[in-house]
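Participant: Line order of the protein sequences matches chains A and B.
Counting with the working numbering, you get residues 1 to 329 for the letters of the first sequence.
Counting with the working numbering, you get residues 330 to 825 for the letters of the second sequence.
Hints were generated in silico from the structure; no laboratory data involved.
Possibly wrong hints are sitting among the right ones.
Within a straight-line C-alpha distance of at most 27 angstroms, the following computed BS3-like cross-link-like pairs (lysine-lysine) qualify [said to hold, decoys possible]:
no., chain 1, residue 1, chain 2, residue 2
1, B, K464, A, K131
2, B, K617, B, K791
3, B, K755, B, K697
4, A, K133, B, K464
5, B, K697, B, K791
6, B, K515, B, K442
Among the chain A residues that face chain B by a calculated CB cut under 7 angstroms, a handful are [as the list claims (entries may be wrong)]:
no., residue
7, V66
8, E67
9, T73
10, A77
11, S82
12, Y164
13, M166
14, D167
15, A170
16, A174
17, T176
Here are some, though not all, of the chain A residues that point toward chain B, as calculated from beta-carbon distances under 7 angstroms [stated by the list, open to error]:
no., residue
18, F68
19, A69
20, S80
21, A154
22, E165
23, S173
Glycine residues also receive a C-beta, built at the ideal position from the N, C-alpha and C atoms.
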Amino acid sequence: MKKALAVLLIASLALASAFANGAAESSTAADTVRVAYMTNYASLCSVMAGIETGAFADEGINVELVEFADGPTIIAAMESGSIDIGYIGHGAHSLCINGRAKIFAFSHVGNGDAVIGLRSHGVTEDFASLKGKNIGYASGTSSELILRWALEEAGLTMDDVVAYEMDAAAITSAMTSGSLDACANWSPATFTILDAMGDDAFVLADNVTFSDRSASVASWIVMNAWAEENHDLLVRFTRALYKGMDYRAANIEETAQWVANQLGASYDTIYAQRGDAEWLTSAQLIEQINDGTIENLYEVQKQSFGDSVDQSTPVSDYVLFDVMLEAAQ
Amino acid sequence: MLIALVSLILIFSLVLLAIRRDRRCFLIALTCLTLFSFIISILTYIAKKGGIGEEISMILYGTRSARTAFQYRIMTLESLGNSVNISRHVFPLLLLLTALDMAYFDLALRIKKRMYLLFIVPAAVIVCYIPAVFKLITARQPDALGWLVGASRLYVYVYVAASIAVLVAEFMSITLPFFRRRFLSKSAILISLAIIYAFYAPQDPAQIYLFYRNDYMFILGLWFLSPALSPFLYAFTLVGSVAFGILGFIFLLKYVRTNFDERREEITLRRSAGLASKGVGMFTHGTKNELLALGIVLSRVKERYPDDADVEKAIGTVRDLNARIERLHRASGSRFSTLSPLPLDDIIQDALHSVHNRYPDEEIIVTKTADGIMVLADRPNLAEAVANILMNAVEANREAHSSQPVSLEYGYERLWVSVRISDSGKGIDRRTLRNIWQPFWSSKNSSQNWGMGMYFSRNCVKRHLGSIRYERTQQGGSRFIILLPKLGTGSKGGGR
Chain A
1 MKKALAVLLI
11 ASLALASAFA
21 NGAAESSTAA
31 DTVRVAYMTN
41 YASLCSVMAG
51 IETGAFADEG
61 INVELVEFAD
71 GPTIIAAMES
81 GSIDIGYIGH
91 GAHSLCINGR
101 AKIFAFSHVG
111 NGDAVIGLRS
121 HGVTEDFASL
131 KGKNIGYASG
141 TSSELILRWA
151 LEEAGLTMDD
161 VVAYEMDAAA
171 ITSAMTSGSL
181 DACANWSPAT
191 FTILDAMGDD
201 AFVLADNVTF
211 SDRSASVASW
221 IVMNAWAEEN
231 HDLLVRFTRA
241 LYKGMDYRAA
251 NIEETAQWVA
261 NQLGASYDTI
271 YAQRGDAEWL
281 TSAQLIEQIN
291 DGTIENLYEV
301 QKQSFGDSVD
311 QSTPVSDYVL
321 FDVMLEAAQ
Chain B
330 MLIALVSLIL
340 IFSLVLLAIR
350 RDRRCFLIAL
360 TCLTLFSFII
370 SILTYIAKKG
380 GIGEEISMIL
390 YGTRSARTAF
400 QYRIMTLESL
410 GNSVNISRHV
420 FPLLLLLTAL
430 DMAYFDLALR
440 IKKRMYLLFI
450 VPAAVIVCYI
460 PAVFKLITAR
470 QPDALGWLVG
480 ASRLYVYVYV
490 AASIAVLVAE
500 FMSITLPFFR
510 RRFLSKSAIL
520 ISLAIIYAFY
530 APQDPAQIYL
540 FYRNDYMFIL
550 GLWFLSPALS
560 PFLYAFTLVG
570 SVAFGILGFI
580 FLLKYVRTNF
590 DERREEITLR
600 RSAGLASKGV
610 GMFTHGTKNE
620 LLALGIVLSR
630 VKERYPDDAD
640 VEKAIGTVRD
650 LNARIERLHR
660 ASGSRFSTLS
670 PLPLDDIIQD
680 ALHSVHNRYP
690 DEEIIVTKTA
700 DGIMVLADRP
710 NLAEAVANIL
720 MNAVEANREA
730 HSSQPVSLEY
740 GYERLWVSVR
750 ISDSGKGIDR
760 RTLRNIWQPF
770 WSSKNSSQNW
780 GMGMYFSRNC
790 VKRHLGSIRY
800 ERTQQGGSRF
810 IILLPKLGTG
820 SKGGGR
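Please work from the sequences and hints to get the whole structure.
Facilitator: The structure is reproduced here in structure tokens:
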């Protein structure tokens, strides 16, 4: 027994040392950036194109990708210091407006969020049919926002339905098993639900339905301190991201394959998500920054959050347009 | 991998419970079950949140599909948070209860009398952390949130630390190496479980169901990505949890095996004793008849030679032999013993007297570590049982030509009164050790040995609700330890 204990102790220390050495090597390597993403095409397409085409390597950046469930969790991880750069969807922007993080790159205006209902559970195209129904949503994200808007359309609130606070994956399982009547989720979970449930499931509302109320903007963010301390790195990262955006625009199929490889998903599933947003090239983005379109999108988005954010905060306080413009030079 | 280890620990704790259905095994199984539930909940949370790399994912889940299964578990955040609430707050209580169950020092015994007090804090914390209650309290009194989080952590850390302190204190109070080894293996199970638990204990349950809602909770951040966990510490934490998982598993396996072996040995001995009982009956019956006849002959001889000392001595020997045979007959046939409170000193003196009758020149060093020890005993039988072992020890010394005398030490040990008999002979090999408790078995080729001494001693001690252990001394000799239940409670035992 003593020998077994000794062997176990030595093995533990050796393994821990190996892990620690690995960690030390990776943390001391020049310009390694830990990037948080979500499991969809929208989150990964530009960064994967940048990695695979060598754009990040050309800028002297080694990208380590880490998968997350949603935007608020990514921001929490960034606050803890385990992530440097993160991708967030619409819902988590409220945290940036409230000063938790800075947006350094615009990603896209998306149409990936949807409220889905099941006909067999009595949900119809009329929003009022949601009353009293069991609905799953992911709070603090674009899922919650789109659900609230759908309910407001019928003069309902969250108190008029049986709302289940869940994560995106659990919502998908619950919908496909018939445990919920409706849900609010985002791509590709929405595709999974629609595929699995066939004609029974339908899209009650998506981002386009509420385009008059808000812009479903997705962005790349950093912590305030990290942005200040790593300005040059941030500009180089953005420049590589632009190269990825440009490559993606001309090579959608190849980019979808790279994303599918990273996620371990099928090509078809990923390729089907290409319509989730309007994908800009870097030139189009710079043009829209210069003509004020992007700032206006963020302004509209801010207003859609209502009282949950400080409306007096100027967009320029939390969106680093200077980084976006400098990277394009 | 971690999940596989925790599952194995749970399975073996249930096996242990199936083999030995007592309170301690029940507590250990319950503690393992709670830890299992806690780890499952935490792994579900991590899988749903993400943020871990492939290597860490492999350590925690093993395969990608296992992680995906956790990720897609249908659970609301409230039910997941409540699951963490219950398992996180019940585990320290069970750990402390199990540690106390294994402890017999004075303070532990005093705490056991008021065990119900230990339930108050965990019950209060669990109720406060029920999602609906937690939200109600913090909505009415926002400052209470910080207090609740602090109180919960304090409770968890204090109970786990107290459990380990109890185990250490108990270990320090044990003097018998045999008991120390057994206690160490049992307490290692608990310490392994406690360490696995401690790695994941910082996860506040309310953070799971309030993560998106409350700024204060948000500030707590994700514990498994906490800045306090440096890359080395994080790696050490994960490797450590796996290592201690393996350790816990090994100790549990050893504990299960020991219990299983003991039961098997007991069953084998019972079978042997059952088969031998007829033989023992015939042997005692036949011997008694022979002794009776011899007694009659000696009585007649005495009538003829009334002053002959040798005749008197022979009559005395026959009388003693008759008494021994009668005791052996009773011990092998009867299911009942009459026990009464007696000073152990008297029984030891009787045993020494018997040994000196047979080996008048042999010195036996007697040491006692406590005065006034009382035991429930059948005096002549127990004295005979002790004498048998003493005589074996004397013979072992003689065989090894050892000049060191046999030693006899008695005193209190945990819940027991121990009588340790040590010789400086050659020790007992494994084959002999397997057989010494069998009836009619002797390693000595002598007309004076019937092979019934150790069989009788073991049976006798069993009838006194005790047990006999064997261990080798540091010098290679043998030490037999008779353990008898302490009369009364407390470290001073008997008088209370």
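Participant: Next step is simple, just say for each hint if it's right about the structure.
Facilitator: A quick look at each hint next to the structure:
1. Taken as a hint, the B/K464 and A/K131 pair is honoured in the structure, with Cα atoms around 25 angstroms apart against an allowance of 27 angstroms.
2. Between B/K617 and B/K791 the alpha-carbon distance is near 25 angstroms, which keeps this suggested pair within the 27 angstroms criterion.
3. As the CA atoms of B/K755 and B/K697 are separated by approximately 25 angstroms, the hinted pair is consistent with the 27 angstroms bound.
4. With a CA separation close to 23 angstroms, the supplied pair A/K133 and B/K464 stays within the 27 angstroms bound.
5. Restraint check for B/K697 and B/K791: the C-alpha separation of about 23 angstroms stays at or below 27 angstroms, so the hint holds.
6. With a CA separation close to 23 angstroms, the supplied pair B/K515 and B/K442 stays within the 27 angstroms bound.
7. About 6 angstroms separates the beta-carbon of A/V66 from the nearest beta-carbon of chain B, less than 7 angstroms, and the hint is met.
8. Given the 7 angstroms rule on beta carbons, the hint for A/E67 holds: about 5 angstroms separates it from the nearest Cβ of chain B.
9. For A/T73, the shortest C-beta to C-beta distance to chain B is roughly 5 angstroms, which falls under 7 angstroms, so the interface hint holds.
10. Interface restraint check: A/A77 against chain B, minimum CB-CB distance 5 angstroms, threshold 7 angstroms, status holds.
11. At a threshold of 7 angstroms, the smallest CB-CB gap from A/S82 to chain B is about 4 angstroms, leaving the interface hint in force.
12. Hint status for A/Y164 relative to chain B: holds, with the closest Cβ pair at about 5 angstroms, below 7 angstroms.
13. At its closest, the beta carbon of A/M166 sits 5 angstroms from a beta carbon of chain B; the interface hint therefore holds under the 7 angstroms criterion.
14. Checking A/D167 against chain B: minimum C-beta separation of about 4 angstroms stays under 7 angstroms; hint holds.
15. Here the hint on A/A170 is kept, as its CB sits about 5 angstroms from the closest CB of chain B, short of 7 angstroms.
16. Below 7 angstroms, beta-carbon pairs count as interface contacts, and A/A174 has one with chain B at about 5 angstroms; its hint therefore holds.
17. Annotation: A/T176 was flagged as interfacial toward chain B, and the flag is violated, the nearest CB pair being 9 angstroms apart, outside 7 angstroms.
18. At its closest, the beta carbon of A/F68 sits 4 angstroms from a beta carbon of chain B; the interface hint therefore holds under the 7 angstroms criterion.
19. With a least beta-carbon distance of about 5 angstroms to chain B, the hint placing A/A69 at the interface is held under the 7 angstroms criterion.
20. At a threshold of 7 angstroms, the smallest CB-CB gap from A/S80 to chain B is about 4 angstroms, leaving the interface hint in force.
21. Against a cut-off of 7 angstroms between C-beta atoms, the interface hint on A/A154 is violated, since the closest Cβ of chain B lies about 24 angstroms away.
22. Hint on A/E165 holds. Least Cβ distance to chain B is approximately 5 angstroms, under the 7 angstroms limit.
23. Checking A/S173 against chain B: minimum C-beta separation of about 5 angstroms stays under 7 angstroms; hint holds.
Taken one by one, the earlier hints fail for this structure at numbers 17, 21, listed in ascending order.
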